[in-house]
Amino acid sequence: MPKASAKKSAKPVEELSYEEALTELEGLVASLEDEQNPLEDSMRLFERGQALVAHCSALLESAQLKVQKLSGESLIPFEEESE
Amino acid sequence: MQPTLFSSIHLTVSQLTLHIRKQLENDPTLQDVWVEGEISNLSRPASGHVYFTLKDKNASLRCMMWKPDAARLRVNLQDGMAIEAHGRITVYEPQGTYQLAVNLIQPKGEGALYQEFLRLKAMLESEGLFAPERKRPIHQLPNKIGIVTSQTGAALRDMLNTLRRRLPLAQVILAPSPVQGVEAPPALVKGIQLLNYQLPDVIIIARGGGSIEDLWAFNDERVVRAVAESKAPVICGVGHETDFTLCDFAADLRAPTPTAAAELATPITILDLSSDLLSARTRLTSLTLNLLAEQKAVISSFISRLKYISPERRIQSAYQHLDELSRRAFSALTHGIQIQISNVNGISKRLLSLNPEGILSRGYAIITRKDDHMVVSKVSQAFGKMKVRVSDGEFEVNRGLDTAAVIE
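These protein sequence lines map, in sequence, to chains A and B.
With our numbering applied, the first sequence covers 1 to 83.
With our numbering applied, the second sequence covers 1 to 408.
Keep in mind that a hint or two might mislead.
[As the list claims (entries may be wrong)] The calculated DMTMM-like cross-link candidates involving lysine to aspartate or glutamate, where the alpha carbons are at most 25 Å apart (straight line), are:
hint, chain 1, residue 1, chain 2, residue 2
1, B, 296, A, 79
2, B, 144, A, 47
3, B, 144, A, 20
4, B, 190, B, 252
5, A, 69, B, 229
6, B, 190, A, 79
7, B, 121, B, 84
Source of the hints: derived by calculation from the structure; they are not laboratory data.
Working from the sequences, and respecting the hints, build out all of it.
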């Protein structure tokens, strides 16, 4: 299913979680490596790949541990006591 | 009994003391015994040995602990503390006293707890709760991490700092729970169960270090079963390196400390992710560049093939042909002219030979009479003034009539 990888992710890059973006990026690079895509498709894959890389980098740089706590069965933000 | 001088046994003090010592030291009960009591007269001289008296209501026992054993003590000894001391009875001959040479001390009651621990462990083990095949793998890159611990403890702070450093992409859900006392076990169980509804990738159950009583909630059968039944894999990080609880055995992974639990929960760190991303980017770029280079090569091979079959060659050969024709035409023309020239030359020579002047050069002369320009062709005509023309000029001669007659 060579073409599928290129078309599958219609989802905008900005909406992907880190893991989703990374998984797609890996698939995309593998598809560039293994498959004979038309040049135009390859260029589209490359552009998508660059966008994924940029998105992942941004997520890594801005990542802040999100801490919540259970209150009954719902979640509320957890405030750490500052020392 | 009446004292008698004739008693068969006479001993020195040393001999008697030695005898007592041998008696005591040959008694197996006295050589491997746990003694329960309260500490008093605790003394720790600079030698590093520890001396104290162990007392109960009716009796007291002198105890001493050699420096190497004292250094390994887990409990902080204090006067009044109820303990169980293990050791052997020895005799101190200079003072004629016996004492317990202690090598192990545990707080009173710990022995019973330990027995309970072993009983519960054996029972749960026989149920298969600790079986290696029950252990599930830990997610390499967890998105959601559940934590069951006290929300005020240092353990939580250490874990959050560790997670923040290693994998700030993660989301942490805390199920606050007391971690010691009677209310701890049910709260820990509830925390594990409620966290499971949040579908975390992993649950950490943790507590900082403490005495065996402090950690006892993590040996509670209900808690151990909840750990074993958790849908999400559980990492247990309770106490210090040397503390083992039944939760450790039931968990999918045992961590020596809470901090270590947070590390084991995040096998892949943000540093790994960054370097993976960098290499993916490099691969992406080089792949695309290669692809473009390949396409360029294809294009340039087309260019050379196109050149080969292009009409340019035919045009060139047509030009060549044209040149050839033109050269041939030119040379043909030149040749014609040459022939014409040589014809003209031939005619010109012939013409020259016909010129009367040419005869003069061979020694002939033309003589004309000067008066009437008549050419003298007969001797009879040769008289008077005449002009003689030779090849390079002319001169005059004068001849009388008579002369002419004479000759004639």
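Verification of the supplied hints:
Restraint check for residue 296 of chain B and residue 79 of chain A: not satisfied, since their Cα atoms lie roughly 59 Å apart, outside the 25 Å limit. Between residue 144 of chain B and residue 47 of chain A the CA atoms are separated by roughly 31 Å; this puts the pair beyond 25 Å, and the hint is violated. A threshold of 25 Å between alpha carbons decides the hint, and for residue 144 of chain B with residue 20 of chain A the separation of about 15 Å falls inside it, so the pair holds. Note on residue 190 of chain B and residue 252 of chain B: the hinted pairing holds, with a Cα-Cα distance of about 19 Å set against a maximum of 25 Å.
Distance hint between residue 69 of chain A and residue 229 of chain B is fulfilled; the C-alpha atoms sit about 22 Å from each other, no more than 25 Å. Using a Cα cut-off of 25 Å, the hinted pair residue 190 of chain B and residue 79 of chain A holds, with the two alpha carbons roughly 22 Å apart. Taking the CA atoms of residue 121 of chain B and residue 84 of chain B, the gap is near 23 Å; set against the 25 Å cutoff, the hint holds.
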